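Enquirer: Sequence:
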Amino acid sequence: MHGTLSNASTNNDRVSVIDNRVEEQKQVKDVSVINRIITRARLLQIDAQAYNQLAAIVEDRQADAIIWRTEMEKCIDASPVVVYAYGMHHRMTSLTVYVGSHSGLFLAVDATDASLGRKRIRWSTRLPDRIESSACISSCQASLSWPNRHQGCYNGCLYVMNALDGGIINCFASSAEIKSSPAVDATNGNIWFGSHDGHLYCVRIQPYDTACTLLGKLSCGSPIFSSCTVDTTLRIVVTGTLRGELLVLDADVKGFAPTDLRVCWRYHLNKPIFSSPAIDTTRRRILVGCADGNLYCLGTQGDLLWKYATGGPVFSSPCITHDAVLVGTHAGALVCCDVHDGALRWRSPTDAPVYASPTAVFPESNAEAPAHPKTWQAIFASIDGRVYTVDQQGEHVRLLATLPGQVFGSPLCLNVPNGATAKSASLCTVLVGCRDNGLYAVAC
7 MHGTLSNAST NNDRVSVIDN RVEEQKQVKD VSVINRIITR ARLLQIDAQA
57 YNQLAAIVED RQADAIIWRT EMEKCIDASP VVVYAYGMHH RMTSLTVYVG
107 SHSGLFLAVD ATDASLGRKR IRWSTRLPDR IESSACISSC QASLSWPNRH
157 QGCYNGCLYV MNALDGGIIN CFASSAEIKS SPAVDATNGN IWFGSHDGHL
207 YCVRIQPYDT ACTLLGKLSC GSPIFSSCTV DTTLRIVVTG TLRGELLVLD
257 ADVKGFAPTD LRVCWRYHLN KPIFSSPAID TTRRRILVGC ADGNLYCLGT
307 QGDLLWKYAT GGPVFSSPCI THDAVLVGTH AGALVCCDVH DGALRWRSPT
357 DAPVYASPTA VFPESNAEAP AHPKTWQAIF ASIDGRVYTV DQQGEHVRLL
407 ATLPGQVFGS PLCLNVPNGA TAKSASLCTV LVGCRDNGLY AVAC
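Under this note's numbering, the sequence shown has 371 at position 365, and the numbering climbs by one with no breaks.
Don't read these hints as lab results, they were simulated from the structure. Only a predicted model underlies this, so the values are computations on that prediction, with no experimental measurement involved. Check the hints yourself; a few may be wrong.
Said to hold, decoys possible - Here are the simulated lysine-lysine pairs, DSBU-like style, with alpha carbons at most 35 Å apart:
{"id": "1", "residue 1": "Lys277", "residue 2": "Lys223"}
{"id": "2", "residue 1": "Lys260", "residue 2": "Lys223"}
{"id": "3", "residue 1": "Lys260", "residue 2": "Lys277"}
{"id": "4", "residue 1": "Lys125", "residue 2": "Lys223"}
{"id": "5", "residue 1": "Lys277", "residue 2": "Lys80"}
{"id": "6", "residue 1": "Lys223", "residue 2": "Lys80"}
{"id": "7", "residue 1": "Lys125", "residue 2": "Lys80"}
{"id": "8", "residue 1": "Lys277", "residue 2": "Lys313"}
Stated by the list, open to error - Label-pair restraints from in silico Cβ distances:
{"id": "9", "residue 1": "Gln307", "residue 2": "Val89", "range": "33 to 39 Å"}
{"id": "10", "residue 1": "Asp171", "residue 2": "Thr265", "range": "31 to 37 Å"}
{"id": "11", "residue 1": "Thr219", "residue 2": "Asp347", "range": "32 to 38 Å"}
{"id": "12", "residue 1": "Leu405", "residue 2": "Thr99", "range": "31 to 37 Å"}
Even for Gly, the Cβ is constructed at its ideal location relative to N, Cα and C.
Build out the structure end to end from the sequences listed, making use of the hints.
Expert: Structure below.
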C-alpha cells in the first residue's frame with residue numbers, strides 16, 4: 007500500500023514537473039511566435055511602403071503614358087480609323103483619325119503630332135442618334151453606319167460623309183439599327199454591311215445623288231452584328247449572324263437592278279457570332295470567333311480545319327499576323343494560336359474579359375503589315391480599361407495605361423511609313439475609345 011502510494015505520489019510529481027515545463031515551453035513558444043509576428047509585421051509594413059511607392063510610380067508612368075484626351079460627350083464603343091495622306095515623293099504629310107460616339111458626335115482628328123501631345127479637330131458632324139460602328143473609308147469619302155431612333159423604333163441608316171469637311175453626301179436606310187461596321191470593296195467601291203433587320207446589304211455610293219444605290223441584299227433570318235470582310239483577291243465577302251451562321255458570298259454583284267446576293271456556302275455554329283471574320287488570303291482560310299468560346303478556322307470551300315477552345319465567349323475579332331492568329335476571350339486573356347493547326351502558342355491572362363480586337367504592330371514595316379515580318383507586337387485592351395502590349399513570344403507583357411472607364415472599342419496604333427516627314431507621329435502612339443466619353447492617345 008505504501009509502495010503504491012509512493013509510486014502515485016512520484017507520478018503526480020512527474021506530471022506536475024512535465025506540466026510546468028510544457029507551460030514554460032509554451033510561454034517561450036508564444037514569445038517566439040509574437041516576435042516572429044512583430045518581425046513579419048515590420049517587414050510587411052516595409053513591403054507595404056515599397057508597394058505604395060511602386061504603385062505611385064506606376065500610376066505616374068501610366069498618367070504620363072496618356073498623351074491627350076478628346077471629349078466626345080458619351081461612350082465610345084466604335085474603333086477609330088486612320089487615314090494617311092501623302093505628298094511629294096510618297097512622303098506622309100498628315101494623319102487623320104475618324105471616330106464616333108453614342109452622343110451622335112463624329113470627329114475627324116488631326117493626329118499627325120499625336121506623340122508630342124498635339125491634336126486638332128479638323129471637323130465634327132452631329133448625327134441625330136448614337137454611333138456604335140466604326141467608319142470605313144472609300145477613295146473620296148468616309149461612310150459609317152449608325153442607329154437612328156424614329157418614332158419609338160430604330161430606323162438604321164448608313165451615312166456617307168465627305169472626309170474633308172464632314173458634310174453629309176447621302177444615306178441609305180435599312181429597317182433596323184445598324185451595328186455592323188461597313189466594309190468597302192476596294193475593287194469597285196461597293197459598300198457591304200449588315201443590319202439588325204436581318205438583311206445583308208451591298209450598296210454603291212453615288213456622290214451627286216441624295217441616296218445610295220442598292221445593288222443587292224440577302225435575308226439572313228437573324229440580326230447581323232458582325233462586320234463584313236471583303237477579300238479582293240478571292241472575291242468573297244464573309245460575315246456572321248447572331249443565329250450563329252457564317253456566310254460566304256460572291257463579291258461580284260452583277261446587273262443594274264437590285265438582286266439577291268449570291269451565297270457561296272454557309273457554316274452553322276452553336277452560338278451567336280459577334281466577331282468579324284478574318285481572311286488569310288495566302289492560305290485560303292477564314293477565321294472567326296464565336297460566343298460558344300471557340301476560335302474557328304475554315305477553308306474557303308467551307309471545310310472546318312480546326313477550332314480552339316478559349317475558355318470563354320469570343321466577341322473579339324481575330325487578328326492574323328504572318329503564321330499566327332490573335333484573339334481576345336471573355337475568359338480574360340489574349341490568345342495566340344498557330345494559323346496552320348490551331349495549336350496554342352501562348353496565352354496572356356488579364357484581370358478582366360477581352361472584348362476588343364487586338365492590333366498587331368510591325369516596328370520594321372510601313373503602315374501595312376509586311377508579308378513576312380521579322381518581329382511584331384500586339385496591342386490589346388481588357389474591358390476594365392487596361393491597355394497592354396505583348397511581344398510575339400508572349401513573354402513580355404507591359405501595361406501601357408489604365409483608363410478611367412471600360413473599353414470595348416479596339417485600339418488603333420498610329421504607324422508612320424518609312425521616310426515620312428511627320429516624324430513626330432510615333433509608331434508607338436495608340437488611340438483607343440473609352441466609356442468615360444474620351445478618345446485617348448497613349449504612348450507605348
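Enquirer: None of the hints should be skipped; say for each whether it holds.
Expert: Hints, verified against the model:
About 24 Å separates the Cα atoms of Lys277 and Lys223, which keeps this hinted pair within 35 Å; it holds. The hinted pair formed by Lys260 and Lys223 meets the criterion: a straight-line CA distance of about 13 Å does not exceed 35 Å. Only pairs whose Cα atoms come within 35 Å are accepted, and Lys260 paired with Lys277 is accepted, the gap being roughly 33 Å. Under the criterion of a C-alpha separation no larger than 35 Å, the hint pairing Lys125 with Lys223 is inconsistent with the structure, at around 40 Å.
Between Lys277 and Lys80, the direct Cα distance comes to roughly 30 Å. Compliance with the 35 Å bound is thereby established for this hinted pair. Among the hinted pairs, Lys223 with Lys80 is consistent with the structure: their alpha-carbon atoms are about 32 Å apart, no more than 35 Å. Proposed proximity of Lys125 and Lys80 is supported: the alpha carbons are some 20 Å apart, at most 35 Å. At roughly 14 Å between alpha-carbon atoms, Lys277 and Lys313 fall within 35 Å of each other, so this suggested pair holds.
About 35 Å separates the C-beta atoms of Gln307 and Val89, a value consistent with the hinted range of 33 to 39 Å. Under the hint 31 to 37 Å, the C-beta atoms of Asp171 and Thr265, about 35 Å apart, fit the expected range. Between Thr219 and Asp347 the C-beta distance comes to about 44 Å, which lies outside the given range of 32 to 38 Å. A hinted range of 31 to 37 Å for the beta carbons of Leu405 and Thr99 is consistent with their spacing of about 34 Å.
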